[in-house]
Amino acid sequence: MGTQYERSIDVAAPIERAWEALTEPRLIEGWLAPEVFGVDARTGGKLHWCMTGYSEIEAEFLEVDAPRLMRWHERGVTGKDPSEVTIALAPTADGTRIDIVHAGSWERVPAGYSIGWDQAIADLILVIEHGVGLNRHQLHPWIGLRTENCRTGVKVVQVMPGRWGERVGLAVGDLLLKIDRASIFGVGDVWDAGRRHDPGDELEAVYLHEGELRRGTAAL
Numbered sequence: 017m018g019t020q021y022e023r024s025i026d027v028a029a030p031i032e033r034a035w036e037a038l039t040e041p042r043l044i045e046g047w048l049a050p051e052v053f054g055v056d057a058r059t060g061g062k063l064h065w066c067m068t069g070y071s072e073i074e075a076e077f078l079e080v081d082a083p084r085l086m087r088w089h090e091r092g093v094t095g096k097d098p099s100e101v102t103i104a105l106a107p108t109a110d111g112t113r114i115d116i117v118h119a120g121s122w123e124r125v126p127a128g129y130s131i132g133w134d135q136a137i138a139d140l141i142l143v144i145e146h147g148v149g150l151n152r153h154q155l156h157p158w159i160g161l162r163t164e165n166c167r168t169g170v171k172v173v174q175v176m177p178g179r180w181g182e183r184v185g186l187a188v189g190d191l192l193l194k195i196d197r198a199s200i201f202g203v204g205d206v207w208d209a210g211r212r213h214d215p216g217d218e219l220e221a222v223y224l225h226e227g228e229l230r231r232g233t234a235a236l
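Just add 16 to the spot in the sequence shown (first one is 1) and you have this note's numbering.
Keep in mind that the hints were calculated from the coordinates and are not lab data.
Positions of the beta carbon are idealized from the N, C-alpha and C atoms, including for glycine.
It cannot be assumed that every hint is accurate.
Calculated pairs, DMTMM-like style, for lysine to aspartate or glutamate (alpha carbon to alpha carbon, straight line, at most 25 angstroms) [what the hints assert, rightly or not]:
(1) Lys194 / Asp208
(2) Lys62 / Glu79
(3) Lys171 / Asp217
(4) Lys171 / Glu145
(5) Lys62 / Glu90
(6) Lys194 / Asp205
(7) Lys62 / Glu74
(8) Lys194 / Glu164
(9) Lys62 / Asp110
(10) Lys194 / Asp214
(11) Lys171 / Glu218
(12) Lys171 / Asp97
(13) Lys62 / Glu164
(14) Lys194 / Glu145
(15) Lys194 / Glu220
(16) Lys171 / Glu123
(17) Lys171 / Asp115
(18) Lys194 / Glu226
(19) Lys62 / Glu76
(20) Lys62 / Asp97
(21) Lys62 / Glu45
(22) Lys171 / Asp110
(23) Lys62 / Glu40
(24) Lys62 / Asp81
Cβ-Cβ distance ranges computed for the label pairs, FRET-style [said to hold, decoys possible]:
(25) Gly178 / Asp26: 39 to 45 angstroms
(26) Arg113 / Val148: 18 to 24 angstroms
(27) Arg212 / Lys62: 19 to 25 angstroms
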């Protein structure tokens, strides 16, 4: 895996419609984030949004050439991952080609970024081609973990204070094996486990800590 996420898609809609889905707050809420506070789609303008339960994100547009190009700088949901997103659009015979590149200083693209973009893009296509905004990819953050894929499944890389992950005893470096009855083989499994439950639900974690198999239960 390289140091940037790259994806190209073709949508059956004119470039103006695709651009609208990238710049209108009510449409962005259907695919990127459930709360969009403002979009000033011009060079030097801001894109301000929030993923549920995380801190707000304010990105700065470094370059905008409507309706063909936008490039912004952001720091991600933790505020510690500076990166740039470039979205280029071009008309085609059947609609619009959209090229998305998310580049950071990572040695490899974090799994959460790749999965998040793949799922957000599926929602973006739904918005552009069908006018339906469900934001299906939105991660419920009650678990309070950042994880990365590894050979055995997933490894914990961040534990958010006061959230479920900390309360069940998870620490950075632990290998998360199960959440309740769900086996965890990848970051996507962690996301799915969060989506299936609500705050207040009691969940058990099964994990490996410094070679010791442990279990912990706490409410989301």
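Cross-check of the supplied hints:
1. Using a Cα cut-off of 25 angstroms, the hinted pair Lys194 and Asp208 holds, with the two alpha carbons roughly 12 angstroms apart.
2. A threshold of 25 angstroms between alpha carbons decides the hint, and for Lys62 with Glu79 the separation of about 11 angstroms falls inside it, so the pair holds.
3. At most 25 angstroms may separate the alpha-carbon atoms for a hinted pair to count; Lys171 and Asp217 meet this at roughly 23 angstroms.
4. A hinted pair counts as satisfied when its Cα atoms are at most 25 angstroms apart, and Lys171 with Glu145 does not qualify at roughly 37 angstroms.
5. At roughly 10 angstroms between alpha-carbon atoms, Lys62 and Glu90 fall within 25 angstroms of each other, so this suggested pair holds.
6. Restraint check for Lys194 and Asp205: the C-alpha separation of about 9 angstroms stays at or below 25 angstroms, so the hint holds.
7. Among the hinted pairs, Lys62 with Glu74 is consistent with the structure: their alpha-carbon atoms are about 7 angstroms apart, no more than 25 angstroms.
8. Between Lys194 and Glu164 the alpha-carbon distance is near 15 angstroms, which keeps this suggested pair within the 25 angstroms criterion.
9. Annotation: proposed proximity of Lys62 to Asp110 is violated, straight-line Cα distance about 32 angstroms (limit 25 angstroms).
10. In summary, the hint linking Lys194 to Asp214 is supported, as the alpha carbons are separated by about 18 angstroms, within the 25 angstroms threshold.
11. Between the alpha carbons of Lys171 and Glu218 the distance comes to roughly 22 angstroms, so the proposed pair stays at or under 25 angstroms and holds.
12. Taken as a hint, the Lys171 and Asp97 pair is honoured in the structure, with Cα atoms around 18 angstroms apart against an allowance of 25 angstroms.
13. A threshold of 25 angstroms between alpha carbons decides the hint, and for Lys62 with Glu164 the separation of about 30 angstroms lies outside it, so the pair is violated.
14. Annotation: proposed proximity of Lys194 to Glu145 is violated, straight-line Cα distance about 37 angstroms (limit 25 angstroms).
15. About 8 angstroms separates the Cα atoms of Lys194 and Glu220, which keeps this hinted pair within 25 angstroms; it holds.
16. The suggested pairing of Lys171 with Glu123 holds, with an alpha-carbon distance near 16 angstroms, which does not exceed 25 angstroms.
17. Annotation: proposed proximity of Lys171 to Asp115 is violated, straight-line Cα distance about 31 angstroms (limit 25 angstroms).
18. The hinted pair formed by Lys194 and Glu226 meets the criterion: a straight-line CA distance of about 17 angstroms does not exceed 25 angstroms.
19. Distance check on the hinted pair: Lys62 and Glu76 sit about 5 angstroms apart at the alpha-carbon level, within 25 angstroms; holds.
20. Between Lys62 and Asp97 the alpha-carbon distance is near 18 angstroms, which keeps this suggested pair within the 25 angstroms criterion.
21. As the CA atoms of Lys62 and Glu45 are separated by approximately 16 angstroms, the hinted pair is consistent with the 25 angstroms bound.
22. The suggested pairing of Lys171 with Asp110 is violated, with an alpha-carbon distance near 43 angstroms, which exceeds 25 angstroms.
23. Using a Cα cut-off of 25 angstroms, the hinted pair Lys62 and Glu40 holds, with the two alpha carbons roughly 13 angstroms apart.
24. Simply put, Lys62 and Asp81 have alpha-carbon atoms about 15 angstroms apart, close enough for the 25 angstroms limit, and the pair holds.
25. Between Gly178 and Asp26 the CB atoms are about 44 angstroms apart, so this pair conforms to the stated range of 39 to 45 angstroms.
26. Restraint check, Arg113 to Val148: a C-beta distance of roughly 21 angstroms satisfies the suggested window 18 to 24 angstroms.
27. At roughly 34 angstroms, the beta carbons of Arg212 and Lys62 sit outside the given window of 19 to 25 angstroms.
The structure fails to meet hints 4, 9, 13, 14, 17, 22 and 27 from the earlier list, while all remaining hints are met.
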